[in-house]
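Visitor: The lines below spell out each chain.
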Amino acid sequence: ELKVEQNPLFLSMQEGKNYTIYCNYSTTSDRLYWYRQDPGKSLESLFVLLSNGAVKQEGRLMASLDTKARLSTLHITAAVHDLSATYFCAAASNSGYALNFGKGTSLLVTP
Amino acid sequence: KAGVTQTPRYLIKTRGQQVTLSCSPISGHRSVSWYQQTPGQGLQFLFEYFSETQRNKGNFPGRFSGRQFSNSRSEMNVSTLELGDSALYLCASSQRRGPRGYGYTFGSGTRLTVV
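Protein sequences appear in the order of chains A and B. Counting with my numbering, you get residues 1 to 111 for the letters of the first sequence. Counting with my numbering, you get residues 1001 to 1115 for the letters of the second sequence.
Think of the hints as simulated: they come from the structure by calculation, not from any bench. Keep in mind that the hints are not guaranteed to be accurate.
[Claimed, not checked] Straight line, CA to CA, 25 Å or less: simulated SDA-like cross-link-like pairs of lysine to any residue:
# : chain 1 : residue 1 : chain 2 : residue 2
1 : A       : K41       : B       : H1029
2 : B       : K1057     : A       : S12
3 : A       : K17       : A       : L50
4 : A       : K3        : B       : G1042
5 : A       : K3        : B       : F1064
6 : A       : K41       : B       : G1040
7 : A       : K41       : B       : L1112
8 : A       : K103      : B       : K1057
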């Protein structure tokens, strides 16, 4: 069974600082997804990583995928308060038709 | 372009009752998947519907069921509700089966509280 682990689960960081969220998955998966969820809201798609070595950037967020290490990272550069949210990574299941989600990283950016 | 519409947004039900949740996908999207989100278990896959057929099911008891109509709208039903069914139920829409290369578009969810 494909298991997805994120760390850290909670992260409090100061504005302007950099940090990385890690996402490990237990078995082969060739697609990795990152989502953002604000409190009481739905999931917003951030990145879809489709191949080994894929790197995508949007604003202060950059995601990468290493399928050999079964690791994806979400790097936050110069954090701002608006980035405060919960971030989920998800790996495509063996069938490819469902996602296995990590527990989420609750990020709080403080002044 | 309208997004994924889920109704109702909130529901309160009593143990033992049954409930039906509705999801209208983005126009042109033929696949609807359902996920349950709870604080303890996180996000878990319930089932996937494509072309009116259930194609995939997660590890949930038979009390959880669903269907998809010819216009791609989907409903999920939970019978004999238990307290542990309290959760946010999210519907995810995609053009083809599963998240594939573009990921899902999620609806705003239905928050079900069982008392």
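Visitor: For each hint, tell me whether it holds in the structure or not.
Guide: These are the hints, each one checked on the structure:
no., hint, verdict
1, A:K41 <-> B:H1029, "holds, 22 Å"
2, B:K1057 <-> A:S12, "violated, 37 Å"
3, A:K17 <-> A:L50, "violated, 28 Å"
4, A:K3 <-> B:G1042, "holds, 12 Å"
5, A:K3 <-> B:F1064, "holds, 23 Å"
6, A:K41 <-> B:G1040, "holds, 18 Å"
7, A:K41 <-> B:L1112, "holds, 14 Å"
8, A:K103 <-> B:K1057, "holds, 20 Å"
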